[in-house]
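Top line first, the protein sequences correspond to chains A and B.
If you count by this note's numbering, then the first sequence holds residues 223 to 514, one letter each, in order.
If you count by this note's numbering, then the second sequence holds residues 223 to 514, one letter each, in order.
Treat the hints with care, as some may be off.
Copies of one chain are not kept apart here, so a pair can be met inside one copy or by any two copies together.
Said to hold, decoys possible - The list that follows gives simulated cross-link-like pairs (lysine-lysine, BS3-like), each with its CA atoms no further than 25 angstroms apart:
| # | residue 1 | residue 2 |
| --- | --- | --- |
| 1 | K475 | K457 |
| 2 | K388 | K279 |
| 3 | K280 | K512 |
| 4 | K475 | K228 |
| 5 | K266 | K296 |
| 6 | K512 | K475 |
| 7 | K296 | K457 |
Because the hints were derived from the structure by calculation, they are not lab data.
Each chain, written out:
There are 2 protein chains.
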Amino acid sequence: MTNFGKRPNLPEGIPSDQQRIAVEEWFVKLRDLLCSEMELLEEKQNSSNRLPGRFEKKPWNRLGGGGGVMSIMKGKVFEKVGVNVSTVYGDLSSEFAAKLPGTSKNTTFWASGISLVAHPYSPLVPAVHMNTRHIVTGANWFGGGADLTPTISNNADTALFHGALKEACDCHSSEYYERYKAWCDEYFFLPHRDEPRGVGGIFFDYVNTGDWKEDFMFVQDVGRAFLEVYPEIVKHHMEKSWSRQEREQQLIKRGRYVEFNLLHDRGTQFGLQTGGNIEAILMSMPPSAKWQ
Amino acid sequence: MTNFGKRPNLPEGIPSDQQRIAVEEWFVKLRDLLCSEMELLEEKQNSSNRLPGRFEKKPWNRLGGGGGVMSIMKGKVFEKVGVNVSTVYGDLSSEFAAKLPGTSKNTTFWASGISLVAHPYSPLVPAVHMNTRHIVTGANWFGGGADLTPTISNNADTALFHGALKEACDCHSSEYYERYKAWCDEYFFLPHRDEPRGVGGIFFDYVNTGDWKEDFMFVQDVGRAFLEVYPEIVKHHMEKSWSRQEREQQLIKRGRYVEFNLLHDRGTQFGLQTGGNIEAILMSMPPSAKWQ
Chain A
223 MTNFGKRPNL PEGIPSDQQR IAVEEWFVKL RDLLCSEMEL LEEKQNSSNR LPGRFEKKPW
283 NRLGGGGGVM SIMKGKVFEK VGVNVSTVYG DLSSEFAAKL PGTSKNTTFW ASGISLVAHP
343 YSPLVPAVHM NTRHIVTGAN WFGGGADLTP TISNNADTAL FHGALKEACD CHSSEYYERY
403 KAWCDEYFFL PHRDEPRGVG GIFFDYVNTG DWKEDFMFVQ DVGRAFLEVY PEIVKHHMEK
463 SWSRQEREQQ LIKRGRYVEF NLLHDRGTQF GLQTGGNIEA ILMSMPPSAK WQ
Chain B
223 MTNFGKRPNL PEGIPSDQQR IAVEEWFVKL RDLLCSEMEL LEEKQNSSNR LPGRFEKKPW
283 NRLGGGGGVM SIMKGKVFEK VGVNVSTVYG DLSSEFAAKL PGTSKNTTFW ASGISLVAHP
343 YSPLVPAVHM NTRHIVTGAN WFGGGADLTP TISNNADTAL FHGALKEACD CHSSEYYERY
403 KAWCDEYFFL PHRDEPRGVG GIFFDYVNTG DWKEDFMFVQ DVGRAFLEVY PEIVKHHMEK
463 SWSRQEREQQ LIKRGRYVEF NLLHDRGTQF GLQTGGNIEA ILMSMPPSAK WQ
């Protein structure tokens, strides 16, 4: 067991209003780019007769401060894909504040982020999760990551996905990829099943190098790498036919996904603890799942 | 918020070997009776062409001490029903021990119980949960309960179910039913959804009146009441046809069931904390579920 999850000591200091606006604007822009790419995949796919899906937007407000916009698409490539952008702020419960850096003087917080979870119809197209966020208490930091959850994994997809994230990491520090890959493997693990959730990716938190601009660039590069690589992986498999048995395997795998999200996921816990929008928090749930 | 969940002070004192054996034997006997009743319902049901289900038994051992037997049936009335009897013992983690009575001198425990979760095929037949248990640390107590989770609730079923449990309670104390009904309503509630899991029943814990025999009789009466009333409710609905829309509603309701079990259920937590058999702990998961 590493110290990955431990609350670090971060320097006090918060970003300016302009900086926060720039972060928010980036997350919204990335959302638009991602939604366009995924709608394009719906248009391009030929092997299904159904109509291509379109994202529907649903704004929501948070009691206590802030809100966000959920974009949900139920299509033919993507049985369900949700992209949520949100900026929330207010007061943390003292119990929860104690777990975060920068909360010794007061318990106010501001958090902006984007998260995406895609559950494709085809068991041959991997499910995926991506999230980046900026959190401000008395300190401030970036967090996020991306990880791939195939039903039937194959080395080519895994290499492509990891390669893209490594490239994004390497532009910023030669240490990032190894560290954040290891953290991802540790984090996306179901101890009660003694099995990983998927084939990993990267996971990072408490990123504050002292150079805010640089850290923000890193987070943007992770978003851009994801925007490139995931659609590419989808294209490789989206026209293939699959068997009923492969579909069953996918539904069981999705059950594991549910277990992870409800038993272990910190994003889910953060959302529930800060009274976020329940639909947005549980947007990551698969459209259907099975247990044996 | 009441004090229902609070750790009470219970008198020190543990039951004899004979007493423990009597408890274990009752749970096994109740298991056999329940399984027979449910197999009988499978035989009796006429409106489906499929073959009637039969329970399959699967023994398991617990690393650290004890084990149990899972009985699972996948039939035509019951899409999935699991009955688990177990007797486990050993050492509690100090963190978990701190939450239980009777652990100030040492952290050994012994626990025996039966739990049943039924997920019927038909959205018109309510899902149900029943559990009774005896736990021994330096102190000892009984716990358990039964609650009904219909997709489409109706007053007749609710009244029948509550009536049977009230009768069992009333034989032992005029206070039990109201208290344990309220505890059930409090416990089987999804705060993040602001909705109850089902239509309730009874939930009790830390039962130790000082008269062990009487407490054990109470737990037996709860089991017997359940054995009578649930099959009766199933019979009222099991031949009716249902619509696709009602089935969809059921799958969404099952999603809520999953959320409760993984986010809130103490039995699940106890199992995961004490390293129980993962298949047995998650036996309560529905065979299939959906999220919108």
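(message) Cα distance capped at 25 angstroms. Does K280 pair with K512 within a copy, between copies, both, or neither?
(response) Between copies only: 20 angstroms across, 28 angstroms inside.
(request) Go through the copies and call it for K266 and K296: within, between, both or neither, with a Cα cutoff of 25 angstroms. (result) within (16 angstroms within a copy, 41 angstroms between copies)
(request) Since the copies are identical, ignore which copy is meant and state whether K296 and K457 lie within 25 angstroms (CA to CA) inside a copy, between copies, both or neither. (result) This pair counts as within: shortest intra-copy Cα distance 18 angstroms, inter-copy 38 angstroms.
(message) When Cα atoms must be at most 25 angstroms apart, do K512 and K475 count as within-copy, between-copy, both, or neither?
(response) both (8 angstroms within a copy, 14 angstroms between copies)
(message) For K475 and K228, with the copy left unspecified, which applies at a CA distance of at most 25 angstroms: within, between, both, or neither?
(response) Classified as neither: same-chain Cα gap 29 angstroms, cross-chain 36 angstroms, threshold 25 angstroms.
(request) Tell me, please, which holds for K475 and K457 at an alpha-carbon limit of 25 angstroms: within, between, both or neither? (result) Cα proximity of K475 and K457: one copy only (21 angstroms, versus 34 angstroms across).
(message) At most 25 angstroms between alpha carbons: which applies to K388 and K279, within, between, both or neither?
(response) So K388 and K279 fail the 25 angstroms test inside a copy (32 angstroms) and across (48 angstroms) alike.
This entry does not satisfy hints 2 and 4, going by the numbered hints stated previously.
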